[in-house]
Amino acid sequence: MAGTGSRSRAERRSAGELESEVLATLWATERPLTPAEIQADIGGGLAYNTVHTILKRLYDKGLVLRDADGRRGAYRPAKNAAELTAEAMHEALDRGPDPIAALQQFVTGLSPEEERALRELLAGGGA
Amino acid sequence: MRFDVYTPLLLSLLLSVVAPVIGGRVAPALAARVLTSAAVLTAAATTWTLVLLAAALLGDAPPVVREAREDGRRLVDPVPEVIGVAAGVALAVVVWRVHRAVRAERSTRRALRRLCAGQPADTELIVAASDVPQAFAIPGRPGRILVTSAMLGALAPDERRVLLAHERAHLAHRHGPLVTAATLAQAANPLLAPVRSAVVFLVERWADEQAATAVGDRRTTARALARAALTAGRARPACTLHFTDRAVTRRIAALQTSPPPHLWPAALAVLALGALPALLAADATGDLLGLLSGVLN
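Protein chains in written order, with the UniProt record's numbering: chain A, 1 to 127; chain B, 1 to 297.
This is chain B alone, in the form it adopts within the complex:
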């Protein structure tokens, strides 16, 4: 048990190191899916591990100890008390973080619903008459695309088609829920932050590839991204202080080469990396149940 409960933490670090590498080399649709799956599995496993470590404190609880003495059994304490207490505290932090993330998601969804209020039911595009160049997809039934007039005015006709195809891909492939899953995984396990960043980047790449296919031209797609980024940059000079992860530049560079391959072996390795902590946590559960059942019966 000692080995099993600490390994998931190491494995989540490993997943975080692997995520950006996979993100740059594997087809974005495949990479985004496997990384999110692995992150969710790992986060569940590390959270459950904390539960186990905290629960192991039960082994120190006076009734359990007394009962064990009466039975004449020797108690094996698998977890030092200080670790158990630390796990309990960590668990409380995890619960608070996940709660906060869920609330943020809800608030975003509410804000978006307000934007859709009063729009004709079967209309995909919502235009906002605004000087701020802005474009994003609004998940839901039906999904919508919100674009400001400033953004539409800045793009050439074929570039506008890229923009619409890109946002449409976000909706069609349910990128919203995928990113939400990665966000909640990160909330439960902060070590997974790089995995979430990789997924956020990958869904953009995924939508870019879909747009390039829909428009039939990678160069036009790259040009649309460049124009939109420059327009948005001009309108927001505060962006010099704004954090930039070179995401747009990296996306444009990716469009200037051929689409990355579906590297199934790499994808399966990532999935295995996610499944391993889950298996270890399951194994540790068995150990703990075995330990407790002896004294609780």
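If we strip away everything but chain A, and leave its shape as in the complex, we get:
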């Protein structure tokens, strides 16, 4: 199946990576999302059926829930495990010497002047 253009980009991503993206999308939004909304959000020519399959897999793992009282077919992330993880994370962060500081964190601290420069960059689209 030789995909072309933007379509092939999504298909090159592995099932595991797509699962992460769908889960991240659900967590990033305040409200439950339907597969079509997730599809639009992720973009990259991801097929609707693929989104559906991934949601089913995440549901089987207990990572997402079907939105019972909301719209039909909408999903939301399962909070319980994530709250336990957050507790464990904060526990690890609070215990000195900070073991998490030894990790590669995505970003580190900013000085006030750096903060100004970054704000300008985001506002001006000058990146």
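Hints listed in this document are in silico derivations from the structure and should not be mistaken for laboratory results.
Careful: at least some of the hints might be erroneous.
[To be verified] These stretches of chain A come out as covered by chain B in the derived footprint (C-beta under 8 Å, 3 or more residues):
(1) 16-22
(2) 39-46
(3) 56-63
(4) 71-77
(5) 110-119
[Stated by the list, open to error] Listed next, the stretches of chain B that the computed footprint assigns to chain A, with coverage defined by at least 3 CB atoms under 8 Å from CB atoms of chain A:
(6) 21-30
(7) 109-115
(8) 123-136
(9) 153-164
(10) 222-231
[What the hints assert, rightly or not] Calculated cross-link-like contacts (lysine to any residue; reagent style SDA-like; alpha-carbon spacing at most 25 Å):
(11) A/Lys61 with A/Pro35
(12) A/Lys56 with B/Ala29
(13) A/Lys61 with B/Pro142
From a predicted model like this one, the values you see are computed outputs, not experimental measurements.
Each residue gets a CB set at the ideal place from its N, CA and C atoms; glycine is no exception.
Got chain A sorted already, so can you dock chain B onto it with the hints?
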């Protein structure tokens, strides 16, 4: 021998001066690898050098001296006693520092394993429901990516893909073990601290470049970094006191230009700089063995 044992210390200083320069000019994947290799070689060499200097005290040990007198040989003492004693003390400090670093690594790994406990086996992303914006890779089999809900909520969809691709690159290219190696090298030889800092910075740059390739857009990658840094900064106002090495700003600036080249000559020079202390230490070992074998036989 006199010359050989002191040179590794000078060479580790030189490596520390070169590291930040290489870090800014050479492709991060190549630079991180050669700097770590050179640091490990140098740290091994300087540690071994301390062993040799301390061992040279054996030449002053009474049985050795007596035996040499009986043989009618003149003892050549290559190392002044005070240097030998100082080396012994330094060696003890090195052992203590490496031990402490290993323990810290273990404790980090344990804390991380706890975070992964109870997660589905074949899931890459672990979300923590927390207001603190935070994201990091957890090395292991399988490697995982932990991101808080606050961080995910702050980023646009394409920026979330940058974040995931960045953390994925840390796991795929085994940046964890690489940084651990540089950390242990620094523990054994504190002169190498700037080299470790350069490696820590370079693996971030390396992951940024990988993310930019995966997403296909350097501007989006830079934007994701800026947004994540600002979000994290807002949540942690204590950061005004926090040490900042301008790392994020430097990473964003690097993404606004084209990727740095694979400067092989510079990389090979760094490797040579790392290999030299090792060769000198090997040579000094030969000298010491020659000296001792005469009296210990």
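Now for the hints, and whether the structure bears them out:
1. 16-22: holds (count 5)
2. 39-46: Coverage by chain B holds for the segment 39-46 of chain A (3 residues, Cβ < 8 Å).
3. 56-63: holds (count 3)
4. 71-77: violated (count 1)
5. 110-119: Three-residue rule met by the segment 110-119 of chain A, so holds; n is 8.
6. 21-30: This one is violated; 0 residues, fewer than the three required, reach chain A with a Cβ under 8 Å.
7. 109-115: holds (count 4)
8. 123-136: holds (count 12)
9. 153-164: holds (count 8)
10. 222-231: holds (count 8)
11. A/Lys61 with A/Pro35: The hint holds at about 17 Å.
12. A/Lys56 with B/Ala29: Judged against 25 Å, a Cα distance of about 38 Å means the pair is violated.
13. A/Lys61 with B/Pro142: 16 Å, holds
The structure is inconsistent with the numbered hints 4, 6, 12, although it conforms to all the rest.
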